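Protein chains: 2
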Amino acid sequence: MTEDVRISEIFGPTIQGEGPLIGRPTVFVRTAGCDYRCRWCDTLYAVLPEYRREWAVMTPSAIAARVNALAGDQPILVSLSGGNPALQPLDNVIALGHRSGHSFALETQGSIPQPWFADLDWLILSPKPPSSGMTTDWAAFDACLTAAGAGPQFALKVVVFDEADYAYARTVASRYPKLAPYVQVGNPAPLAVAGHALPEVADFADLTRRLRWLVTRTIEDRWFEVTVLPQLHVLAWGNKRGV
Amino acid sequence: MTEDVRISEIFGPTIQGEGPLIGRPTVFVRTAGCDYRCRWCDTLYAVLPEYRREWAVMTPSAIAARVNALAGDQPILVSLSGGNPALQPLDNVIALGHRSGHSFALETQGSIPQPWFADLDWLILSPKPPSSGMTTDWAAFDACLTAAGAGPQFALKVVVFDEADYAYARTVASRYPKLAPYVQVGNPAPLAVAGHALPEVADFADLTRRLRWLVTRTIEDRWFEVTVLPQLHVLAWGNKRGV
Numbered sequence: 048m049t050e051d052v053r054i055s056e057i058f059g060p061t062i063q064g065e066g067p068l069i070g071r072p073t074v075f076v077r078t079a080g081c082d083y084r085c086r087w088c089d090t091l092y093a094v095l096p097e098y099r100r101e102w103a104v105m106t107p108s109a110i111a112a113r114v115n116a117l118a119g120d121q122p123i124l125v126s127l128s129g130g131n132p133a134l135q136p137l138d139n140v141i142a143l144g145h146r147s148g149h150s151f152a153l154e155t156q157g158s159i160p161q162p163w164f165a166d167l168d169w170l171i172l173s174p175k176p177p178s179s180g181m182t183t184d185w186a187a188f189d190a191c192l193t194a195a196g197a198g199p200q201f202a203l204k205v206v207v208f209d210e211a212d213y214a215y216a217r218t219v220a221s222r223y224p225k226l227a228p229y230v231q232v233g234n235p236a237p238l239a240v241a242g243h244a245l246p247e248v249a250d251f252a253d254l255t256r257r258l259r260w261l262v263t264r265t266i267e268d269r270w271f272e273v274t275v276l277p278q279l280h281v282l283a284w285g286n287k288r289g290v
Numbered sequence: 048m049t050e051d052v053r054i055s056e057i058f059g060p061t062i063q064g065e066g067p068l069i070g071r072p073t074v075f076v077r078t079a080g081c082d083y084r085c086r087w088c089d090t091l092y093a094v095l096p097e098y099r100r101e102w103a104v105m106t107p108s109a110i111a112a113r114v115n116a117l118a119g120d121q122p123i124l125v126s127l128s129g130g131n132p133a134l135q136p137l138d139n140v141i142a143l144g145h146r147s148g149h150s151f152a153l154e155t156q157g158s159i160p161q162p163w164f165a166d167l168d169w170l171i172l173s174p175k176p177p178s179s180g181m182t183t184d185w186a187a188f189d190a191c192l193t194a195a196g197a198g199p200q201f202a203l204k205v206v207v208f209d210e211a212d213y214a215y216a217r218t219v220a221s222r223y224p225k226l227a228p229y230v231q232v233g234n235p236a237p238l239a240v241a242g243h244a245l246p247e248v249a250d251f252a253d254l255t256r257r258l259r260w261l262v263t264r265t266i267e268d269r270w271f272e273v274t275v276l277p278q279l280h281v282l283a284w285g286n287k288r289g290v
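For the protein sequence lines, the chains are A and B, in the order given. Just so we're aligned: 129 in this note's numbering is position 82 of the first sequence, and the numbers increase by one with no gaps anywhere. Just so we're aligned: 219 in this note's numbering is position 172 of the second sequence, and the numbers increase by one with no gaps anywhere.
Quick caveat, the hints were computed from the structure, so don't treat them as lab data. What you are looking at is a predicted structure, and each value in this text was computed from that prediction instead of being measured. It cannot be assumed that every hint is accurate.
Said to hold, decoys possible - Each computed SDA-like pair below joins lysine to any residue, with the alpha-carbon atoms no more than 20 angstroms apart:
#1 K225(A) x A197(A)
#2 K225(A) x F201(A)
#3 K225(A) x K225(B)
#4 K225(B) x Q121(A)
#5 K225(A) x G196(A)
#6 K225(A) x P122(B)
#7 K225(B) x S150(A)
#8 K225(A) x Y92(B)
#9 K225(B) x G148(A)
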């Protein structure tokens with residue numbers, strides 16, 4: 048039986064603005080619904096039930112057709128995001144997409160394991176630091192790693208706003224030495240405007256100050272295994288979604 | 048016999064601002080001297096003979112000791128840059144550094160092959176597009192690939208200022224389908240001030256406009272194998288060199 052998927056939006060191609068695939072052309076498939084409520088969530092329209100009217104229920108083949116149309120039937124990287132995309136049955140989307148030559152990266156907080164994680168090309172685990180207001184369930188996180196097995200490439204991505212987040216990132220990275228660690232500069236814009244449309248113009252000076260702080264912090268600590276990145280799409284397009 | 052190396056500067060740790068290792072903490076070893084004179088060169092102090100008084104001749108062990116001191120004796124990524132670092136005998140620097148656990152990435156235009164390219168962890172080939180005013184010697188470029196053999200990971204990085212550069216990047220990428228292609232937004236600041244100190248404040252609006260153009264250009268073309276990146280250090284620090 049093919050299960051339907053709850054979708055917030057499908058858009059692109061644009062470039063991936065974050066993490067290990069930064070700069071790569073990609074189509075985003077953003078699923079709807081989330082088991083988390085992060086304080087600084089920048090995609091509340093894909094999370095909160097009051098946006099449900101804007102969501103669509105799509106079959107895997109309709110999703111695959113939409114991706115193919117956006118990509119002009121060329122193979123491309125597909126970024127599965129949310130919300131928490133692990134809440135949705137994405138196995139058939141991945142299988143259909145692979146047949147068209149696409150590759151799949153999924154980003155999740157690691158709260159819900161799925162057997163089809165093993166079918167991904169990339170699994171980007173992004174546990175949420177203290178500033179999110181969420182608490183990590185490490186047993187669920189470990190189960191995500193077990194479910195993925197030797198299938199995908201892995202990355203560990205932690206958003207860092209402050210010292211407590213930084214300490215959390217260090218602890219998580221040392222707990223999972225085999226996962227390539229990434230720390231990402233937090234974008235405070237959503238904090239200021241939760242529940243409202245984001246301002247289209249990002250505060251450049253603030254974002255680059257945060258980037259410099261995070262670089263200095265990792266260098267002072269001699270944490271040389273980490274990769275420090277901003278959200279490139281925010282620098283390029285403010286809080287819009289890309290091209 | 049151990050040959051001495053001509054050095055412009057050794058600095059860091061900071062983060063690598065470009066290419067496949069973007070965001071990675073690194074120590075830069077910038078060698079002096081170049082067989083090219085790119086119009087938009089942003090490190091003329093490592094290229095032009097009139098800066099010779101500022102260069103140092105160092106033994107490989109002195110270079111390795113300086114890298115170790117900067118990195119606090121922790122293993123780190125060492126970025127070998129220039130000028131053209133392929134002009135210098137870096138085999139012993141690499142061998143000594145590997146013994147300390149460092150990894151080595153070298154960036155060169157690909158005009159001078161060296162047998163020790165095979166000892167590198169990363170070889171980033173950055174042939175220069177028409178806007179540079181230089182002409183690529185493809186036989187030399189191919190000889191660099193042959194010299195490196197199966198040793199390092201490869202990347203192909205092309206700076207793009209305009210349509211002619213973009214066309215060059217596409218041609219080079221299609222000529223070397225096994226090299227992961229990167230296009231990098233050109234930074235015009237050096238054009239305006241060649242021979243003078245760079246302004247410390249980068250023109251953010253101009254750089255992000257260039258980034259958006261390059262993203263749009265690749266997406267319109269459905270060039271989905273490429274990675275599109277800015278110079279992160281310029282966004283974070285203007286035209287200074289990092290932390």
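Checked hints:
At most 20 angstroms may separate the alpha-carbon atoms for a hinted pair to count; K225(A) and A197(A) meet this at roughly 12 angstroms. For the hint linking K225(A) to F201(A), the alpha-carbon distance of about 9 angstroms falls within 20 angstroms, and the restraint holds. Only pairs whose Cα atoms come within 20 angstroms are accepted, and K225(A) paired with K225(B) is rejected, the gap being roughly 27 angstroms. Between K225(B) and Q121(A) the alpha-carbon distance is near 18 angstroms, which keeps this suggested pair within the 20 angstroms criterion.
For the proposed pair K225(A) and G196(A), the alpha carbon gap of about 13 angstroms is at most 20 angstroms, so the pair holds. For the suggested pair K225(A) and P122(B), the alpha carbons sit about 17 angstroms apart, so the restraint of at most 20 angstroms is met. This hinted pair checks out: K225(B) and S150(A) have alpha carbons roughly 18 angstroms apart, not beyond 20 angstroms. Taking the CA atoms of K225(A) and Y92(B), the gap is near 40 angstroms; set against the 20 angstroms cutoff, the hint is violated.
The hinted pair formed by K225(B) and G148(A) meets the criterion: a straight-line CA distance of about 17 angstroms does not exceed 20 angstroms.
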